[in-house]
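Protein sequences appear in the order of chains V and X.
Under my numbering, think of the first position of the first sequence as 1, with each following residue one higher.
Under my numbering, think of the first position of the second sequence as 1, with each following residue one higher.
Any given hint might turn out to be false.
[Said to hold, decoys possible] On the chain X side, residues computed to face chain V include the following (Cβ under 7 Å):
(1) CYS57
(2) GLN101
(3) GLN102
(4) ALA103
(5) TRP107
(6) LEU115
(7) THR118
(8) ILE308
[Unchecked claim] The following residues of chain V were derived to be distant from chain X, with all beta-carbon distances above 10 Å:
(9) GLY32
(10) ASN69
(11) GLY108
(12) GLY162
(13) PHE213
(14) THR225
(15) GLU247
(16) HIS264
(17) TRP275
Calculated from the structure, these hints are not laboratory results.
Owing to the predicted nature of the structure, the values given are computational and were not obtained by experimental measurement.
Glycine included, each C-beta is placed from N, C-alpha and C at the ideal position.
2 protein chains.
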Amino acid sequence: VMIVSDETTESSEEDDVISPPGGKVIYMVSDGTGWTLEHAVNASLGQFEHCLVDRACAVNTHLFSGIDNFERVVGILKQAAKVGALLLYTLADPSMAESTQQACKLWGVPAVNILRPTTVAIASHLGVEPSGIPRSERNIPLSEEYFRRIEAIDFTIKQDDGALPQHLHRADIVLVGVSRTGKTPLSIYLAQKGYKVANVPIVMGVNLPRALFDMDHQEKVFGLTINPMVLHTIRKARAKTLGFDNEMKSTYSDMDHVRQELEHAGKIYARNPAWPIIEMTGKAIEETAAVIVRIYHDKKHKCSMPSISKRY
Amino acid sequence: VMIVSDETTESSEEDDVISPPGGKVIYMVSDGTGWTLEHAVNASLGQFEHCLVDRACAVNTHLFSGIDNFERVVGILKQAAKVGALLLYTLADPSMAESTQQACKLWGVPAVNILRPTTVAIASHLGVEPSGIPRSERNIPLSEEYFRRIEAIDFTIKQDDGALPQHLHRADIVLVGVSRTGKTPLSIYLAQKGYKVANVPIVMGVNLPRALFDMDHQEKVFGLTINPMVLHTIRKARAKTLGFDNEMKSTYSDMDHVRQELEHAGKIYARNPAWPIIEMTGKAIEETAAVIVRIYHDKKHKCSMPSISKRY
Ligand SMILES: Nc1ncnc2c1ncn2[C@@H]1O[C@H](COP(=O)(O)O)[C@@H](O)[C@H]1O
Ligand SMILES: Nc1ncnc2c1ncn2[C@@H]1O[C@H](COP(=O)(O)O)[C@@H](O)[C@H]1O
Ligand SMILES: [Mg+2]
Ligand SMILES: [Mg+2]
């Protein structure tokens, strides 16, 4: 239930984002990108959906990123005190973090340094002190990882929507499914994680490319499936966006047609039992991505305790 | 300095991922996707790069996602105790989280529930108890946000590499730059955040599309720039991957040519002072994305305390 707001934090006329009627304000301050805060707050707010969903409670978040000196923190804190905001922050510099915590105490702003417990635990586990240097003051080296991710993204974009079937064998993961099951956003999400993904549409009356069945590692093909009613809703929205005329609309988003297409896909999946089936209904893209990555690593390693392992 | 490892967590022969010589192990357990843990641990490990960079310390992370019952947690904990791992976890169910913490105490496994302080702070700020229900037990509704993000991704893919200049005016953000400045990965990263992005390559001897200069809101065009030496390195790696022959290689990744191209881009930027310049050297994609999003919201709202605001 998130709506990205187009309003400003400081508009003298309408003060509604700063202190909306009945809404609670969360300020997020990072010396870096702020994406860690955004990610954590998003997950955490999932725990309050019972209250957010009917607007019994409303939350407005404001992300201040690249905050690299204490004067700017102070400016934000004063505003936070004024509007009664909760402050969630990530500041690598220990003296800046300490001053922030003290200022918050002084001004009665509840505040949490959200990465602190993690960093403290890792420091004691490694027996090494954290550097205290924010990412903005560092240069990222051109690592193998960097090149691998960029290559994965380039590959994945080129393979969208069934393009270049002759390169399917080079993919780590191949997604198949009827239109609007989420193939493209899922491909892109996985590409960002470093996987080379190809997606191939299932269209009634059109044969899937021979290369899909001919390639080794059929277990890297994932068949997406979705509830027909939900797909129907998605397609109706899509047809509206694309401005389909009535005739095209009916074949594309007609309920009977949707059912037939999904049955057709189901038959293909039944003939290819090596393909894991991924249920997309009611799942966010990152959730289905997690399932796919888990199966991918699991199959690759065939171990009893599947995990995704990284070395730093 | 992250290397995605292809090794398993349980291989009887080589036990090196579980307990690599001199390496420390971090286990991450989530009842959901595990991406929150991955993101937070990545950021936190940035604080130990002085030690990781020369392998003075080595860290092996193992992510266990979709862990939705305590028996599976126990299995992982036993293994964690055996290999001397640190446990970082996110479990929404309070009794499962509590049992985990107790079992860790019993077995001497250091453990941190990394979202707990954030969720506790939000609960007290809202005056509402967290649901305790993990995301895996919930269905995500087809929200406006969901459709907006998917549309942004579809749009962005279609606009890659200068395609469809007639649609540039529909983009929220337009990225321009010479080859290998990071236009594509940056576009995709921003698309995931819900922005419609187009990217247009700057190539010497090829005119930029008229539509780029004709459209309103020239301030939504961002000119990417990068240090010539760094670009040279990236292009050499690229030429190798693509298997360019010697002649193509030399015009593409020749140092003089790289310099000329960047000068050419610089002249275009100078003629278009409304375009913000984004420095890509030494920055991760998510860092430059954060800068662009900040400028984008700042310009749109022209306020003294720029932030990115969302309503939940
Ligand atoms: N690679 C890195 N090196 C050092 N600090 C980092 C790194 N990545 C993230 N951080 C820190 O982790 C916190 C969250 O980062 P961010 O997600 O960019 O807001 C900030 O305090 C950053 O300075
Ligand atoms: N939309 C949501 N609703 C409820 N809980 C969530 C939601 N998103 C994330 N969480 C919880 O937040 C923690 C981190 O999620 P994840 O990043 O998927 O591992 C887990 O305990 C999830 O169950
Ligand atoms: Mg698609
Ligand atoms: Mg490109």
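Quick check: which numbered hints come out false for this structure?
2, 3, 4, 5, 9
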